[in-house]
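Undergrad: The residues making up each chain are set out below.
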Amino acid sequence: MNYLRLLFVFFRVNVLGEMAYRANFFIQLFQSMVELVTALLGLAVVFSYTNTLGGWNPNEVLALVGVYFLVGGLIGLVVQPAMGKLIESVRDGTLDFTLAKPEDAQLLVSIQRVEIWKLIDIVLGFGVLTTALVRLGEHVGGWEALSFTVMLLAGVVIIYSFWLILAALSFWFVRVENILEIFQSVYEAGRWPISLYPGWMRFALTFIIPIAFVTTVPAEALTGRLTVETLAGAVVLAGVLFALSRAVWRVGLRQYSGTSA
Amino acid sequence: MNNLWDLYLQQFKTTFASMVQYRASLVIWMISHVLEPLVYLIVWSTVSLTGGGSVGDYTTRQFAGYFLVLMLVNHVTYTWIMYEFEYRVREGMFSVALLKPVHPIHSDIADNISSKLITLPMMIVVAVGLGFMFHPVIAPPVWALASAIPALVLAFMVRFLLEWTLAQSAFWTTRVGAINQIYFVLVLFLSGQIAPLTLFPKFVQIIAGVLPFRWMIGFPVELLLGRLSPEQAWAGIGAQLVWLLVGYALFRIVWRAGVRIYSAVGA
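In the order they appear, the protein sequences are chains R and W.
To convert, note that position 157 of the first sequence is 157 in my numbering; the numbers rise steadily by one, no gaps.
Count along the second sequence starting at 1, add 1000, and that's the number in my numbering.
Watch out, some of these pointers could steer you wrong.
Stated by the list, open to error - Example chain R residues on the side facing chain W (calculated, C-beta under 7 Å, incomplete): (1) Phe30; (2) Gln31; (3) Val34; (4) Leu36; (5) Thr38; (6) Gly42; (7) Leu43; (8) Thr50; (9) Gly54; (10) Asn178; (11) Glu181; (12) Ile182; (13) Ser185; (14) Ala189; (15) Tyr197.
Stated by the list, open to error - Restraint-style ranges between C-beta atoms, simulated for each label pair: (16) W/Gly1131 with R/Arg225: 28 to 34 Å; (17) R/Phe203 with W/Phe1012: 38 to 44 Å; (18) R/Val34 with W/Thr1198: 24 to 30 Å; (19) R/Asn51 with W/Ala1235: 35 to 41 Å; (20) R/Phe203 with W/Val1027: 17 to 23 Å.
Please keep in mind that the hints were generated in silico from the structure rather than gathered at the bench.
Using N, Cα and C, we set each Cβ at its ideal position, and we do this for glycine too.
Next comes chain W alone, as it looks inside the complex:
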């Protein structure tokens, strides 16, 4: 346990050092993380203004709130592991990771968290700045704010486990680009990134409820906006726990099979 703590601490230091070196790539990530929700914010605001001030159950200013909170929730839960993994496997760098006495997922978790310790404050500043421009309405009750914390932690864990598992497809094929793209499209539509899920037809909402994507992004956003009842919040956290278990099981199974199939150059 103590060893693991040391590992995380060391990884924090390494990530900090490398992020100070590569400031430009930080800015790039931030631009794409800000721009996408911002574009949809503007599109939906325009639709709402032409439709007399609201679309479905969202007013213009509630759309602003939705997409600004989404911007932050998406940033908190996102991972870049799918790009990283492919590179590691292709370049044979995984051999080094496999020699280490701890599971490689630990250093990835530490790397992810430590980089967000730096980028999240910047994202909050950007979101607040945009808030002055778009006048969002965000009115969560206190209980919703409190339960948003475990919901966010669970959302992060579910997304991390699923994307880490999916990233392992690089063990089997070198063409992970197409797989990743399908995944991103599913996330775009079924997690609430393109529009709040309540604006979709009923059957899409049902599909989104069964699949994990909503529980990684859309659910904490709606919770933070105060749009859910306590029952819905409990049910959502339950769904997150179920997906956490499923994700963990998948991760274990795929990892065992993947490591067996991995062969580095020279092996």
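Looking at chain R on its own, in the form it has when it is part of the complex:
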């Protein structure tokens, strides 16, 4: 409960801070809309020549685009800004302030920064997803909805743990902010079903940079093509990665020398 209260407080602080720059809302709205229209036009061009892409029909790919925006928004809202800040504060030593606080430091660094305007992406993604679902009609039942929710949560935990591990590398290597940018350009590959890609790319997008678990897998759940093995695998992986990220964080923290030490 205490964690939720902290989360709320940090969120409020970020909202208050961002309220001074209200024009940013319109800029972000504009940019998100342009990005969405680009994605949809791209789909329109491809599906003007075919009505199935690697076994996915247009509405299913549309659902995938919705998931892509939704998750991209979530990552941009909390994960990415917090991890960027963490890497920065390890380098310049301001992590001292966080460590001195009487709460779990991992929790604090994970919620300290929120890019609130990314909520727009989440809303847009949700809109696209709903549209796709309505057009898919009867195919979405209770099991699909439930497995989708579980897969979305597992995916977010996987991505969070993955980011924390990468960000914790800064305890050893100091300059790792470039990793953030690699993730951004690779994430674009998640806009299409992972099954399209050749084996080595599928492997890389599943196990090296686990994008498949946040985009394709939840979309598979919604469109009723998720196997029980994938579902179980994703949940186990989420648990393992979360534990691993916690361990890496702890070991890394011992490496941290601070500003005055």
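Given the coordinates of chain R, work out where chain W should sit on it, guided by the hints.
TA: Just chain W, lined up with the frame of chain R:
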């Protein structure tokens, strides 16, 4: 003239030195330059395979050729000036550049060319490696290969001038992100990055022919693939020359107005 040569030479050295320092950012640029065309290569190959081996006037293996050549042409002509310029203006770094006795565009050109001297060989290796995987068909006649050289040089010049001019919007507004994004979307669709332009409806092709984007990327790609007739090649080079003149005029006008409006902190 001799001075300018010295400036370029010095800039080569500086860029080399800084690139050796920042190897990681090289890798990042390369990943995004490889990944985007690769994704579209795979998407269009899949569409083509489901459609019986071809889409429009492209077979599966011709798509592979198209996007691999596009990967290289895009890399040859791209600039990062739009990110750089905003930073320079915001941080007041332009004051230093303005004090120098030569136009700041020269050091940007030298910087761009020298960094590509390092990255282009790496990109070629990657493209050849992907070629073994996707078996592209690329069959240009000799004249097309020869005329692709001036076409590539012109494409680079047009793109550089236009993007340098557009980057100057940072003199007027601090929110260049939105402007850049619109530009990137136009380039994505109208230069042939998302799909060969011949796959688009006729009216899109006409718009693309009038605007500069096709002449910066799509045209040299099609020329290198041997898909154009000699007449089309001449017409394309003509269009590039026209856009070079327009780009140069815009660059001069915007630069004069921009420098007048620029005020650094403390001025």
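Undergrad: Of all the hints given earlier, name the ones this structure violates by number, lowest first.
TA: Hints 4 and 7 not satisfied by this model.
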